[in-house]
Amino acid sequence: MKKTKIQFVLNGKSVSMDVDPETTLLSLLREELFLTGTKEGCGSGECGACTVLMDGLAVNSCLVLAPQINGTEILTIEALETDGKLDRLQQSFIDHHAVQCGFCTPGMLMSAKALLLKNPRPTQEEIRIALSGNLCRCTGYQNIIAAVEGAVD
Amino acid sequence: MSRAYFQPAALEEALRIRRDNGEASLLAGGTDLVVAMRHDRGPAGDVIDLSKILELKGIQEIADSTPVTVNGIHKMTGKIRIGPMTTFTEIMESQLLREAAGILCEAAETVGSPQIRNRGTIGGNLCNASAAADCITPLLCLNAAVELQSLGFDGSKCTRILPLETFLVDSKKTDLRSDEILTGILFQRPAVDMSFAFQKIGRRNALAIARLNGSCAIRLAGNTVTSLAFALGAATSKPERIERAEEYLTGRELTDEDLAAVGKRAAEYVLEQTGVRASSSYKLPVIERFTASLIRAAAERSTTL
Ligand SMILES: Cc1cc2nc3c(=O)[nH]c(=O)nc-3n(C[C@H](O)[C@H](O)[C@H](O)COP(=O)(O)OP(=O)(O)OC[C@H]3O[C@@H](n4cnc5c(N)ncnc54)[C@H](O)[C@@H]3O)c2cc1C
Ligand code: FES
Ligand code: FES
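For the record, the sequence lines run as chains S and U. The first sequence begins at 0 in numbering that gives the first Met the number 0 and counts up by one. The second sequence begins at 0 in numbering that gives the first Met the number 0 and counts up by one.
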């Protein structure tokens, strides 16, 4: 397919590039921009491993075609850490043993980040809903939910 | 690999591209289309991305000139118009819909996951026309219509308005023509004495594509049903109103016996449509109880009961 020019903001920096319109945002991030923190699980919207923020909202990057991010702001897991300092959510995941193999963790963190951006003091029920599109096969959800609660003021 | 990707910024431009590329697919949030593309079941032609067209987004009420008074409550009446590119999240968060047609917010809340709700659109839900699509039965009970637009070769715009019921032809099949775009979903603000319910039986809470869903709109005078709209999804090949259930209950008192009887009628209708299937022995009794429980749930919300 003929390449299309897109412009977007990636983790705070403006990017302009030509993309194959059939590429997904997930492949663009991992294979062309070498941001491999975002993971590919199912590739079909079921697992949430590929979650990134698009204009502040959690989306499955495996279901977004690259040209659709034209004019938007994308935030990936790589942006959570600032100046060598972990985001509160990241620290809380460590403190609450919410990471085992770690494969689901970037997606979990981004879903949690989207929630806290919109709702800084969520209830446990709201946390559960926000993470309901993210699957974890090893840690179990209790620790993950506790970790998000731990990052709330 | 001779596909082209178009990203028009205005509806008129999109209609022109659509007119000149009959084979092209329309892309909304991509939660059905991109999955299909990945599994090689997807469309092969050009892609027209509707996601940058602001005219196709948003929810409005077009007020009628005269407010009405029902049971002493002063009410605006009007037509509600939902842009097809409105996402499930936007529907859930709309104050206007919450107050005027909360059933649609309730249905949107049950869709997939937050990520799917942030991208998936109501227009995509209708045009993909899955028998299990969650926004369809509420809209059927709201007597919604769809607005379809196309552009003639002389540049004149053509608009068709069809009842949603007519637009949905069969599973995954609509009456959308190859030069048309769905441009609006319209319904009259329901009367204040109508009450509604949406229910769905799925595999698990998140990401459950319904095995059965349905909606009910009911009006009661005392305990007597004066009007009923009842629709089931994923029961037959498309979401549809179950007329024999509606006719049976209208004019009757709402008793347990009649609710059971109406459930039987709904199940009978489904059996006639689908024939006996491996799933029938599970599904038919479920439909009976689901029907009764859904109508009961709508009635329990009625202010006149
Ligand atoms: C993990 C997962 C879970 C899901 N869970 C649910 C669920 O619980 N309930 C449910 O109902 N659905 C569910 N879905 C299906 C899907 O999210 C919905 O059907 C959604 O509404 C599709 O909208 P979209 O904007 O993503 O459409 P797209 O995928 O972009 O398009 C779908 C179809 O509609 C056509 N189309 C879109 N907009 C227009 C328009 N304006 N005019 C004409 N044609 C148009 C497209 O050409 C395409 O054929 C799920 C999907 C996934 C991947
Ligand atoms: S990889 Fe995108 S949801 Fe699983
Ligand atoms: S930590 Fe392994 S999948 Fe969640």
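Simulated from the structure, these hints should not be mistaken for laboratory data. Check each hint, because a few of them may be wrong.
To be verified - Which residues of chain S face chain U? A partial, calculated answer using Cβ under 8 Å: (1) Lys1; (2) Gly42; (3) Gly44; (4) Gly47; (5) Leu56; (6) Asn59; (7) Leu62; (8) Pro66; (9) Gln67; (10) His95; (11) Ser110; (12) Ile128; (13) Ser131; (14) Gly132.
As the list claims (entries may be wrong) - Examples of chain S residues lying across from chain U (beta carbon under 7 Å, computed): (15) Pro20; (16) Thr22; (17) Ser43; (18) Thr50; (19) Ala57; (20) Val58; (21) Ala129; (22) Val151.
In this text the structure is predicted, and so the values were computed from the model without any measurement. Idealized CB from N, CA, C, for every residue including glycine.
Q: Find the hints from earlier in the document that the structure breaks and name them by number, from lowest to highest.
A: 10, 16, 22
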